[in-house]
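Just add 29 to wherever you are in the sequence shown, counting from 1, and you've got the numbering used here.
I should point out that these hints are in silico values taken from the structure, not numbers from a laboratory.
On a predicted model such as this, the values are computed, not experimentally measured, just so you know.
Keep in mind that the hints are not guaranteed to be accurate.
For lysine-lysine, the following BS3-like pairs were computed, each having C-alpha atoms within a straight-line distance of at most 30 Å [what the hints assert, rightly or not]: (1) 51 with 129; (2) 129 with 88; (3) 88 with 51.
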Amino acid sequence: MVRDAVGLEILTRDECLRLLTKAPVGRIAVTERGLPVIHPVNYVLDGDHIVFRTSAANKLAAATRDAIVAFEVDEFDAQRHTGWSVMVTGRASAVTDADKLNRLRDLPLTSWAPNRPQHFVEISLDIVTGRRVPVPDGLSG
């Protein structure tokens, strides 16, 4: 097991991809009007892309048009002081291919938004990194 300078476990790409399937909500970091903005989104991992839905007319759709973005997912246990975080950097783009859209509509991608948005955005998995806070001594088991 490899650790970073502060003692966090460095996760392999495969472990990061496995963890990306565990959380229903992630956070996408985009640039809006020259400033960084973070949006929570429901998402699903689809092969070598993260896919989420949004409204075609909102700021998030505009900010993800062929843009480099960051996407983060995490899970932490405040009682045990453990957890993990996965960060993806990649290009976001609107899905416009009709066959692909039909396939994406069948994925288990449930939006928590009251109006079910139909604009699909995908993020390529260009850079995938992750860290895990290990179980402190005396708390395992």
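Hints, one by one, checked against the model:
| no. | hint | in the structure |
| --- | --- | --- |
| 1 | 51 with 129 | holds, 24 Å |
| 2 | 129 with 88 | holds, 23 Å |
| 3 | 88 with 51 | holds, 27 Å |
Checked against the numbered hints given earlier, this structure breaks none of them.
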